[in-house]
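Novice: Residues per chain are reported as follows:
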Amino acid sequence: MKQNFNILITGVGGQGLVTLVDVLTKAILADGKDVKSSELHGLSQRGGAVAVYVTMGLSKNKAFSPLFKKGDADLIIGMELLETLREIPFANKNTKFLVNNKFWPLAVVDENFTKEKILAKLEEIIKKENMHLVDAGKICYEKLQSEVLATMYILGYAVYNKYLDIKPESVIIGMQKAIPAKYLQMNIDAFNLAKI
Amino acid sequence: MEKNNLKKPAFAKSFGEAREVLLGNEAIVQGALEAGVDFVTMYPGCPSAEIGDEFGRIAKDYGVHYEISTNEKVALEAAVGASFSGLKSLVAMKNFGLNVCSEVLLPLLYTGTKGAMVIVVGDDPNCWSSAQTEENSRAFSLMAHIPTLEPADAQECRDFVRLGFEISEKYKVPVMVRTTIRVAHQRGPVEFNEVIKLSSSKVGGANFVKNVHQYVTLPPRVLEMKKELLEKIEKIRKDFEVSKINPTSLKLRGANKLGIITSGVSYLHTMEALRNLSASRQGEDLQIPVLKIGSFYPLPKKKIAKFITGIKQVLVVEELDPYIERELKIIAKDENLKVQVIGKDMLPQIGELNVEILENAIAKILKIKIKKNNLLTTNYSLQAPRRTSRLCDGCPYWYAFPTIKKVAPEGTIIGGDIGCNMIGGLSPHNMYDYMFCMGSSIGIGHGVSKATGKNNKAITIMGDGTFFHSGMAGLINAVYNKSNPLMIILDNRITAMTGHQQNPGMGQNGMWQSAPEMNIEEIVKALGVKNVKTLDQGNPGELENVMKDFLIKDDVSVIICKRICAILDRRQKKQ
Chain F
0 MKQNFNILIT GVGGQGLVTL VDVLTKAILA DGKDVKSSEL HGLSQRGGAV
50 AVYVTMGLSK NKAFSPLFKK GDADLIIGME LLETLREIPF ANKNTKFLVN
100 NKFWPLAVVD ENFTKEKILA KLEEIIKKEN MHLVDAGKIC YEKLQSEVLA
150 TMYILGYAVY NKYLDIKPES VIIGMQKAIP AKYLQMNIDA FNLAKI
Chain Y
0 MEKNNLKKPA FAKSFGEARE VLLGNEAIVQ GALEAGVDFV TMYPGCPSAE
50 IGDEFGRIAK DYGVHYEIST NEKVALEAAV GASFSGLKSL VAMKNFGLNV
100 CSEVLLPLLY TGTKGAMVIV VGDDPNCWSS AQTEENSRAF SLMAHIPTLE
150 PADAQECRDF VRLGFEISEK YKVPVMVRTT IRVAHQRGPV EFNEVIKLSS
200 SKVGGANFVK NVHQYVTLPP RVLEMKKELL EKIEKIRKDF EVSKINPTSL
250 KLRGANKLGI ITSGVSYLHT MEALRNLSAS RQGEDLQIPV LKIGSFYPLP
300 KKKIAKFITG IKQVLVVEEL DPYIERELKI IAKDENLKVQ VIGKDMLPQI
350 GELNVEILEN AIAKILKIKI KKNNLLTTNY SLQAPRRTSR LCDGCPYWYA
400 FPTIKKVAPE GTIIGGDIGC NMIGGLSPHN MYDYMFCMGS SIGIGHGVSK
450 ATGKNNKAIT IMGDGTFFHS GMAGLINAVY NKSNPLMIIL DNRITAMTGH
500 QQNPGMGQNG MWQSAPEMNI EEIVKALGVK NVKTLDQGNP GELENVMKDF
550 LIKDDVSVII CKRICAILDR RQKKQ
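Just so you know, the protein sequences line up as chains F and Y, in that order.
Per numbering that gives the first Met the number 0, the very first residue in the first sequence carries number 0; after that it's consecutive.
Per numbering that gives the first Met the number 0, the very first residue in the second sequence carries number 0; after that it's consecutive.
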C-alpha cells in the first residue's frame, strides 16, 4: 500500500517557493497528516534553480525522509518551464504535472531551450491527461496585480481539482500561520481564484 | 501576547498551541528560548542564517541580547565573555565559521563554561549553498573534545538544543549541535512547550565572578585543564550510553545478519529505504536493527559494542567522511568482535546520501532484488542546461564587473571572495583566477603581487560584509609588506547573499537598532593606503578612469564601489 504522497515543487529563486512550502507543510499538518520537506536557501537561491521536496504521510503513516527518490513524485508543481523539464527524472508514468506557463531566461541564452522548444519537449514526454499548463502568473498579474501570487493560485488549482488531497480549509489555516497579516488576504484571493 | 511572565512560543500564532510545522532552524530558536537563552551571537552563513534572522526579529520580546558579530571568532568570544559572566548563550554559524572560531573553541573546552552554551554549526554536504569545501565539522568534535549532538529532523533540532543546554549546565562545557542543510532546511511537525517562562532580562545585570584558576589558560595549569576535560568527556559518555538520543529500532535477538548504524538526516533516509524495501517484498519485515547515533561525540562505545555483538555485518550510514565507521572498527577490534564493517567502501564520501543510494546498498548487501524505479522516461535526451546563480536585475555588480574585466590589462590576476561577488566566477562573467574563503582575495592577491612583480597585476574583489569579517588583516599585510594589488570593495550596503543581514557599515545592528556606522574609506586610509577612492560605479566612466589611474601605482590602491543592493533598494522604496 502506498505510504506517502510526494510533491516536488520546482522553479527559480525569487518566485516565492519558500513561502509556498511553508504554507503547504502547515496545511498538511492542519489536515491531520505527517509531513517532511526539504528546501534550499542561499547561493542556490540567487536566481538559480530551486527544487523543494514535500512528503505527505498517507493514512496516518509517518513521513521519514525529507527527500524522495527519482520516479517517486506523485505531483510536480512547476513554477517555471525549464525547471519542470529538469525534474522529469523524478516523475513516473502517473505523475501529475501542474505547470505555470512561465519561462525564466538563462543567464546565457541557449537556442535549444527557447520557451517553445521546452514546451514542445514537455508535451512530448508527458501524457496529455497528466499535463496541466496553467497561466498562473499571468492570471495573478491581471486579476491581483502580482505575479508572485502564482504559487498560491497553483496550490488552489491542485487542491480544488483534487490533485492534492487536502481540504481547502486546511490550506487557509496554513496561510494564516505562514503569511503576515498584511499579505494574507491577497494570498487567499489568489488561492480561491483557482476554484472552479 | 504577554501574560504575567509567560510568553507564547515564537512560532505559534497564539497561546495554547504546542505543535506546528517548523523549519529546523526555527526549531533551534524555539529550543533555545525554552532553555532560557540570554545571549545569542552569530555570523550569517547558509545553512544557519535563519537562526539569526529569527532572533533579530524576536530577541527584544524575550529579553535576549542578539548580535551579528564581526565574524565567527568574535561571536564565540562574545559568548565566552557572557558565559563567564553567568549568562546562557547560543552561537550559530556555518561550517566554515567553525574554522574561523577554532582558535577560541579549543581553549574554551579547557576552561569550560559557567553559563551554559550551545554552538550550532550547519554543514552543507554537496555544497548546495556554499563554495570552498565540502567540510565535515565533526572533525572539530574530535579535535576540540566538544560534546556533539546530531539532530535528524526539526523536532530533534528543538529537543537537542534543549538537551545541549542541560549537558552544558551539568558539565560546564560548551555543546555543539551539528546540523546539515537537509536538517536545518527541513520542515516537519514539532511539539514544543505551550508557553515560554520569562524572567526579567539578565543582560546588563550579570556579574563576572573572578575565577583565575578556571579562566586563565597558562601552563602548567592548562595541562590540568586538559585532564579535567578528558574526565568530563568520559562522564558525558556514560550518560550517552543510556541516553534515549541513541535509540535502537528493534529488539536485538543476536541472530540478525545485518545491522545499521547511522546519524543525522541519514537516519531518515535509512528508515525510508527499509520501508520501501519491505514494501517491494510484499511487506516482508527485513528484521534489520538500526542504531541511531544522536551523540556523535563522545560516542556511546558500549552501546555500539553491544549492538554489533552477534551480528555478521554492520552498515555505517553517515554523510561525508567516515568518522563513525573508523570508531566502529576500533571498537570491534578492542572487543574482539568478528563483524564485517561496511561503510565508505559502498557508500559515497562525496555529496549527500539519499533513499535511492541506501536502497541499492542494502539490497546489494542482502543480495535481494529490488523493483526498478517506475520512471516516466529513461530516454531523457534533452538535458536541461545548468541554471547557475546570477546577479539580480539591477544588481550594482552589473555596473562593476564588465568595467573591471575591460580595464584589467592582459596578465592581470583577478581574485574573488565570498558573498554575492562569487557570481563573478560564473558565466557570463568568468572573471576570477582564484577564489577561496572569507577575506582571502586580498591576502592571496598580496602574495601574487609580491611573487610576480610587474609580470602580473593583482585585482582583488570583496564585498563590504567580508571586508569587516576578515578583509582588513589582508589589507594591512599588503600595505605593511609593500605589494601593490588593486583592491575593489563592492559596498552594496548590506550582507546580501545570506539573506540580507546587517553589517558594521550600515549603521544598524542585528536587531535593526541604530548603531555606529563604520566608514570603509576612513578605515582603509587609517590602514595606510594612499590611493583610495569611493565612487558610484553607476556613474558612466568613473570606475574606468579611477581604475586606470590606480593600476599604474606602485603601492596598494583601494576603490570602494558604493551602490546599494538592488533588492534592498526596492524594499526601502516600497516602505
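One or more hints might be untrue.
If you only want the chain Y side, here are some residues facing chain F, beta carbon under 8 Å, derived [to be verified]:
#, residue
1, Asn4
2, Lys7
3, Glu19
4, Pro188
5, Glu190
6, Asn192
7, Leu267
8, Thr308
9, Asn353
10, Val354
11, Lys368
12, Asn372
13, Leu374
14, Ala383
15, Cys391
16, Pro427
Just so you know, these hints were derived from the structure itself, not from any lab.
Beta carbons: idealized from backbone N, C-alpha and C, even for Gly.
Novice: Should the hint that Y/Asn353 touches chain F count as held when the rule is a Cβ pair under 8 Å?
Specialist: Holds - the Cβ of Y/Asn353 comes within 8 Å of chain F, reaching about 5 Å at its closest.
Novice: Is the shortest C-beta separation between Y/Cys391 and chain F less than 8 Å?
Specialist: Where the cut-off is 8 Å and the nearest Cβ of chain F is about 6 Å from Y/Cys391, the hint holds.
Novice: Take the shortest C-beta to C-beta distance between Y/Glu19 and chain F; is it under 8 Å?
Specialist: Holds - the Cβ of Y/Glu19 comes within 8 Å of chain F, reaching about 7 Å at its closest.
Novice: Are Y/Thr308 and chain F close enough, Cβ to Cβ, to be under 8 Å, as the hint says?
Specialist: violated (27 Å)
Novice: Using 8 Å as the Cβ threshold, decide whether Y/Pro427 counts as touching chain F.
Specialist: holds (5 Å)
Novice: Can we keep the Y/Lys368 interface hint, with Cβ of chain F closer than 8 Å?
Specialist: Y/Lys368 check fails; min Cβ-Cβ to chain F is 17 Å, beyond 8 Å.
Novice: Just to be careful: measuring from the Cβ of Y/Pro188 to every Cβ in chain F, is the smallest value less than 8 Å?
Specialist: holds (5 Å)
Novice: Any CB of chain F closer than 8 Å to the CB of Y/Ala383?
Specialist: holds (4 Å)
Novice: Verify the interface restraint on Y/Asn4: the C-beta must sit less than 8 Å from at least one C-beta of chain F.
Specialist: violated (25 Å)
Novice: Given Y/Val354 as an interface hint, is its Cβ closer than 8 Å to any Cβ of chain F?
Specialist: holds (5 Å)
Novice: Taking the closest Cβ pair, is Y/Glu190 under 8 Å from chain F?
Specialist: violated (11 Å)
Novice: Classify the hint on Y/Asn192 as holds or violated, based on whether any CB of chain F lies nearer than 8 Å to its CB.
Specialist: violated (18 Å)
In the structure shown, a violation is registered for the earlier hints numbered 1, 2, 5, 6, 8 and 11, in ascending order.
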